[in-house]
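Undergrad: Chain residues, written in single-letter form:
There are 2 protein chains.
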Amino acid sequence: MLYEINEKALKLESEGKKIIRLNLGDPDMATPPEIVEAAYASIKAGKTKYSSSYGELRLRQKIAEIHGVKAENIVITPGSKWGVFASMFLTLKGDSNVIIPTPYWTAYDLIAKSLGVKTKLLRTEMETGWKVDLAELEKLIDTNTKMIILNNPNNPTSKTMDPQTLEGIVKISNSRGIIVLSDEVYSAISFTPTKSILDYGTDSPHILSNGFSKTFTMTGWRIGYLVANKLFIDNITKLNQITINNVPGFIQDAALKGLEHRAEITGSIKAKYKQRADLASKKLSVAGFKFTQPDAPFYLFPKRDGLDGEKFTLNLLDSGVAVAPGTSFGDYQEHFRISLTAPDEQIATALDKICEVTV
Amino acid sequence: MLYEINEKALKLESEGKKIIRLNLGDPDMATPPEIVEAAYASIKAGKTKYSSSYGELRLRQKIAEIHGVKAENIVITPGSKWGVFASMFLTLKGDSNVIIPTPYWTAYDLIAKSLGVKTKLLRTEMETGWKVDLAELEKLIDTNTKMIILNNPNNPTSKTMDPQTLEGIVKISNSRGIIVLSDEVYSAISFTPTKSILDYGTDSPHILSNGFSKTFTMTGWRIGYLVANKLFIDNITKLNQITINNVPGFIQDAALKGLEHRAEITGSIKAKYKQRADLASKKLSVAGFKFTQPDAPFYLFPKRDGLDGEKFTLNLLDSGVAVAPGTSFGDYQEHFRISLTAPDEQIATALDKICEVTV
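As given, the protein sequences belong to chains L and Y, one line each in that order. Position one of the first sequence corresponds to residue 1 (the working numbering), numbered consecutively onward. Position one of the second sequence corresponds to residue 1 (the working numbering), numbered consecutively onward.
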C-alpha cells in the first residue's frame, strides 16, 4: 500500500490540495552545493563517456579507505537498491530461500518475488525493542536458506541492532553457509554508533550495501556501492556490464566530493534530523502513541493498540498528511511510519494532525 | 575477447603507449553544450529527488510524439542495455529460448546466459548481404522460443534490414506467439532510412529499444527507453521500482533538450560519420578487404579470407591500433570490427596501419 498512498497523494496534489508528505524517505533539503558544482565541473571536463563497470578507481579508493578495505572490495552501483537486487540476483536461484526480519523495507520482498525465490519472514516486536530472536532464526533456517537480509539501522523502526545480536546472526550464518546482506544506508547519519557487518571480517562471504542518497541528500542521483570479497565484486561487475554498464562518471565525481566533505555534511544533517526526531517523539508520547526512540534518521514507527493503520492512513491523507501504513512493512496493522523529511514547520503541523485524528 | 582487448589497450596506455581506440562504440565528440547546460540548470532547479520509475512525463510525451505512440507506451531506462536486460528478464524464464541473428552485439548472448536461458544463433553472411534467411529462422523456432532479438541497424555490420525480411520476421513471430525485441539505437543517425518494428503496429507484443547514447553522444550518461504495449511498460516500471528506481531527473531533462534540438544535432553527427565511413571504405577496398557498405554509423566489419582475426587484432594492438576481433560477435574468425569513433586524423593513421599489417 506504500505506492498506493503515494499515488493518491500525488493525485490530491494535482487537484490543488496541499499535502504534507511524510510518506517517503526523500529528504526535503537540497543536495549540498559543493556536490552540485563538482558534477557540473566533471560534465564540462568530459566525464560523459562509457566508464568502468566497477566504478571510478578514485571513488572506490576513497570508499575503501573509509571502510578499511581495499578498492578491489568495492563496486559502485546506481543506487543501493541496485546493489541489493544484484546481490540477490547472483545469490538466490531456484529452490533457495532468503530470511528477512520484519518490519522490512518492501523492496527486499518484492525483489525475492521477482526472482521466484521464497521469502521467510522473521518477526520482531516493538515490545522487545525490535530484537531478532536468535533461536527463532535458527528454527527458520533450512538447507535451502542462502541469505539473510539485515537493514541496520532499520527502516521503518530507525532501530540499530545491538552488537550481541549481530554477532549471533553472523555466527549462525557462518556455521550454516549463509550470506548476510547488510543494508546500512542510514548508518553514516545514525544518532548512535552502529556495528557494521564489516566489523566481522572482510574476507567473509557477507555483503555490505550502502549509498549516498540518505547521507548526502542525493536520492535522485542514483549512486550507492557494495563492499564484499573480491570474487563477489567481480561477479557484480560482470552483471553491471550487461545491465547498467556504469554509473555516470560525473555523478561519481559528485559523490567523491561529498565524501571529501563528509564530516561537515553529515554533521549538519544529523543535527537537523535529531531535532525533528525529538520534536516528534515528544508530541507522539503526549498523544499516547507507543514507539521505540529512534537511533537514526528518518523514521518513526508508532503504534496504537487496535489501530486500523490503513484506514488511519487514508483518513489522515484526507486531512492533508501522507504517512505510510504499517502493513507496507509486514504484518503491522497497528503501526504507521512517519518520515521526518519535510520542512520543520510542516512536520509540526502534520504531527498535530496525526495526534488529533486518533485521540 | 572484446573486453580482453579493451583491458589490454588500457594497460598499454597506462604504460605510456599511444593507442588509437577503434575498438568501442564510444564517440570521440563531446556531448552537445545545450544538453550539458540543460543538465546543470535542472540540477540547480532541484531535479535531484526520487522520481517516477516510468520516467518524466514530459520526456515520455516527447518520445511518444516522435514515434507516433502514447506516453503510456514509453518507459525511460538507464541506457538501452538496461531496456534489453529488463525485457529479457521479464520474458525469458526456465526452458524458454531466444533466437539471435549473428553477427550480434555480445550483450544479448551474455544476458541470456545470466538468465540461464538458451540462445539459438541464426547465422547471416556477408556474401548474402547479412540477410536473415526466413526458412532458416522457421527451422530454428520451437515451442519454447519466446523472443527474437533484432539489431537494426546492426552492430557490427552497420547493415539495415530490408523491409521484406523484417516484415517476414514479424509475420512468423506473430503466427508463433514470439516477441520481437528490436534494438534500434543506431536508427536515428542511420545514413539510409530504416523500417522500425513500430511500423508493424503498436498494440503488438513487440518491443522497441532505443537510446540517447549514439544519437546525442551521451554514452556515459546512461539513458534510453523502451516502446511497447501499456501492460509491458507497466511491468518494466515495476521492475525499475525494485532495481534502478529512476533515471536521474536532470539527465532526463538533458535528454529532452537533445530531442528538442535533434534535427541539427543528428544532422551534423550523421554528416561526420558518413565522411569517416567513406574514407574507411575507400582505404579498405584499395587494400583488398571485403565488406558491405555501411548503412549507418559507426562500424565496418571487414573480412579477409583466411584471416586469424584474434591474432590480427593482437598484432595490430602492438602497432598502436585497437579494433575488435570478429569472434566477439559470433563465429566470424576472418572478420574484425572497426569503430569510427576517434578524431579524423587518428582514423586515417589507424586505417593505414590496418592495411599495412595485413598486406
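Do not take every clue at face value.
Copies of the same chain look alike in the list, so a pair counts if it fits in one copy or across any two.
Stated by the list, open to error - Lysine-lysine pairs mimicking DSSO-like chemistry, simulated, CA-CA at most 27 Å apart:
1. 272 with 113
2. 238 with 195
3. 238 with 171
4. 238 with 146
5. 120 with 93
6. 17 with 139
FYI, nobody ran anything at the bench for these hints, they're computed from the structure. Model, not experiment: these values are computed from the prediction.
Undergrad: Work down the list of hints and note, for each, if the structure agrees.
TA: Status of each hint after checking the structure:
| no. | hint | in the structure |
| --- | --- | --- |
| 1 | 272 with 113 | neither (37 Å within a copy, 48 Å between copies) |
| 2 | 238 with 195 | neither (30 Å within a copy, 33 Å between copies) |
| 3 | 238 with 171 | neither (30 Å within a copy, 36 Å between copies) |
| 4 | 238 with 146 | both (21 Å within a copy, 25 Å between copies) |
| 5 | 120 with 93 | both (15 Å within a copy, 23 Å between copies) |
| 6 | 17 with 139 | neither (49 Å within a copy, 60 Å between copies) |
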